[in-house]
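Enquirer: Here the protein sequences line up with chains E and U, keeping their order. First residue of the first sequence: 51, per this note's numbering; consecutive thereafter. First residue of the second sequence: 1328, per this note's numbering; consecutive thereafter.
Worth flagging that the hints you see were computed from the coordinates, not collected in a lab. Every residue, glycine too, gets a C-beta built ideally from N, C-alpha and C. Do not rely on the hints blindly, as some may be mistaken.
A short, non-exhaustive set of chain E residues, derived as facing chain U with CB atoms under 10 Å [stated by the list, open to error]:
id : residue
1  : Ile64
2  : His71
3  : Val95
4  : Tyr132
5  : Lys151
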Amino acid sequence: MLYAILCYNQEDVICAWSKEHEDGVMQKLMTVQERLSREGRLGPVARLMPTTAATTLRKDREPALVLDGPFAETKEQLLGFYVVDCDSLDGALEIAKDLGKANPGGSYEIRPIALFQPGAASGVMEGAVGA
Amino acid sequence: MTDLGWIEGAITAARPQAMAALLRYFREMDAAEEAFQDACLRALKAWPKNGPPRDPTAWLIMVGRNAAIDAVRKSSRNTVLPPEELLSDLEDAEAEAAERLDGSHYRDDVLRLLFICCHPDLPATQQIGLALRIVSGLSVREIARAFLVSEAAMEQRITRAKAKIGAGEASFEAPGPIERAERFAAVAAMLYLVFNEGYSASGKAVEARGGLCDEAIRLARLLLRLFPAEPEMMGLTALLLLQHARSDARFDADGNAILLEDQDRSLWNRKMIGEGLALIDKAMLKRAPGPYQVQAAIAALHARAAKPEDTDWVEIDQLYTALEIMQPSPVVTLNRAVAVAKVRGPEAALEMIEPLGARLDGYFHFHGARGAFLLQAGRQAEARQAFDRAISLANTAAEAANIRQYLDRVSADAKKSSS
């Protein structure tokens, strides 16, 4: 089974980290990731840019509404995500609108990715029964 | 990471919002500062024991306000302070405060706090000193070090600045759209000043002042988070990130400045560039251009060029033309001339800057740029004169050293043509 691990924290605190502290944390995370990677259990890893770079597409109406800033509602839940490759935010919004037409309701938050490692985990563990 | 590192981080992050809210309660800077200090001391005692509060900012505001009210009660009736348990029992109070933080006037609090620091009667250095002290919470010693003055002198400067803004009238009502736009413009200009204090440092001062760049970026991000739809705030944040991204490439081992075209671009910070490009991309979609967006777009073109030869000078020329219309200034025209020299040659650039001579005669960069154009045009004797004039106007040793490199090139060229 593949699991997604979603990272939540207070952005203003993270952004106030000193470079030394940030490097220290990244170093420790890398150690864990390297182990998982060797075991073939690490899928894509993404570090998102700050929410100041985010745009939200409300697709509960036609035409969909583009808003600046991150998704800020609390009555909806995070249900999935896509990673798409585009030249610009405009391109990403186009794709989001197409997806939104196929599945209206709710919102998409479009956030540029700062760091991306594709990873190799396939969801089929070695030695898994019935594979 | 030290055990208390997270507390320091949380307090630093909470400071602008907490100070801003406390200022709204007390309407007086010293009272707000005292209340915040008090709250921090209590946080250092309570948080290691009780763990981090759900919302550190709300905690600091609530505790700071209560502590100040207790202090007033104590002095008037000489009653004892409430027991410490009361401080850890903040769940209800916290929820109440958190609700208020989500309210709309919270973001105007932060804008107001920053705006008060940009009081028009204060000279730029005092505005920056005040903002760093009050909003960012840097110590007087740290600020004094950044400005290369004694601690006592900086203390005096900040005290004077505070006295002046104390007498001024900053409205505590929620601002209307025009007033908010005015506050935005003043605060954005001040943040850019803070950034440039850090960015213009060279040699040993880089270490002392480099933090100012990070601080300006942090405050710009904070404002952008509060006002996510402001295209000029996106532009300013992008501009700061794109410029700061070059930090590691701007000086050689001896601390001499390296020109943009000679910098090792592999040392540019790709993460900051990525964020800057994303922000300017987002700002452009708003179709409401402004000076910060244009400057960020220029910085973005430099950032996008893998090699100096790849730079899109035609586009840079056009962007500077747009900037000249928005913000006419001989310095902008001088910058455009650099792009013109690349696109149409040095003679065209020289022709363009000729009328600026009267106004920029005392400006180091004018003579430096003019010398470089003359040198490119093969007019060595005139180039030498321009560089001599630039050296006499240099503000820093690094500027002078930079011109000396050009003078060496003039001499080398002269030797080549005579042999």
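Enquirer: Now tell me, hint by hint, if it's right for this structure.
Expert: Going through the hints against the structure:
Satisfaction of the interface hint for Ile64(E) is found here, the shortest Cβ-Cβ separation to chain U being roughly 8 Å, below the 10 Å cut-off. For the restraint placing His71(E) at the interface with chain U, the shortest Cβ-Cβ distance is roughly 6 Å, inside the 10 Å limit, so the hint holds. Of the supplied interface hints, the one on Val95(E) is violated, with its beta-carbon coming no nearer than about 15 Å to a beta-carbon of chain U, more than 10 Å. For the restraint placing Tyr132(E) at the interface with chain U, the shortest Cβ-Cβ distance is roughly 17 Å, beyond the 10 Å limit, so the hint is violated.
Hint on Lys151(E) is violated. Least Cβ distance to chain U is approximately 20 Å, over the 10 Å limit.
In summary, the numbered hints that this structure violates are 3, 4, 5.
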